[in-house]
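Heads up: the sequence lines are chains A and B, in that order. In terms of this note's numbering, the first sequence opens at residue 1 and continues consecutively. In terms of this note's numbering, the second sequence opens at residue 1 and continues consecutively.
Everything labelled a hint here was simulated from the structure, so no lab data went into it. One or more of the hints may lead you astray.
[Stated by the list, open to error] The calculated DSSO-like cross-link candidates involving lysine-lysine, where the alpha carbons are at most 30 Å apart (straight line), are: (1) K22(A) with K135(B); (2) K66(B) with K149(B); (3) K22(A) with K149(B); (4) K149(B) with K135(B); (5) K22(A) with K66(B); (6) K66(B) with K135(B).
Keep in mind the model is a prediction, meaning the values are calculated, not measured.
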Amino acid sequence: MMSLLFLLFLIAIVFAVLGREKPSLIAYVVAMAVSLFWLHHHIGATLTIQL
Amino acid sequence: MSEQHDTTLFRNLNALGVLAVSIVLLTAFYDQFTGGGLPCPLCLLQRIGFVGVLVGLLLNVIRGPKPDHYSIMIVSAFFGAAAALRQISLHIVPPDPGYGGTFLGYHYYTWAFLVFAAIILGTALIAAYSTQYHKQRFIRFADQNPLGKTAIIISIAVVAANVLAIFAECGPGQCPDNPVSYWLFG
């Protein structure tokens, strides 16, 4: 799952190199949204233990 | 200074930024393979922050500096800083020895937080120079100067290597909280 996330960022970079800005931004936004979910998952899990 | 010189200067500054962030990711790689410490999920999220900064920097190198590219850098650095700060807070209470190796007395996640803070500050300052946004054009890889070409090749190689290394560590599923061995090698 985490490697797929990096793959999405790699796709964003390859689109950027090809000059395709919009697909690059779309790949970046999707990857960032999944990353935020991942971060929230970790913080949420730790808070549950503390509470 | 002419607008064309301004554009070239800021493209080159962004290419140098790409190289700097790539060195950070390569340092993490070096520690992973020589120090024996496997990156935890929070460590990988910090790497994602750096890779996100790379996307913004590369867009500036290839398409020319634009405010939305700088926004990508700041958002990514903010995300990485949040992950780093989360990891610092997990290990801040003594006698917790912290996670992983150290560099010049600080753990890597502490360095990551400092670098992300520097990226946010530096990007906010550089983005304020409005003359860099004039007369932008797409420069394809073949027409990039040697600095631009080097930055593009190194960044793609570093991110591709991360894809492979993280697949070897975690496989297709979720990464373990305290990884001790590579999933791919049993």
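Consistency of the hints with the structure:
For the suggested pair K22(A) and K135(B), the alpha carbons sit about 19 Å apart, so the restraint of at most 30 Å is met. At roughly 20 Å between alpha-carbon atoms, K66(B) and K149(B) fall within 30 Å of each other, so this suggested pair holds. With a C-alpha separation of about 22 Å, the suggested pair K22(A) and K149(B) falls inside the 30 Å cut-off, and the hint holds. Taking the CA atoms of K149(B) and K135(B), the gap is near 21 Å; set against the 30 Å cutoff, the hint holds.
With a C-alpha separation of about 14 Å, the suggested pairing of K22(A) with K66(B) holds against the 30 Å cut-off. This hinted pair checks out: K66(B) and K135(B) have alpha carbons roughly 11 Å apart, not beyond 30 Å.
Checked against the numbered hints given earlier, the structure satisfies every one of them.
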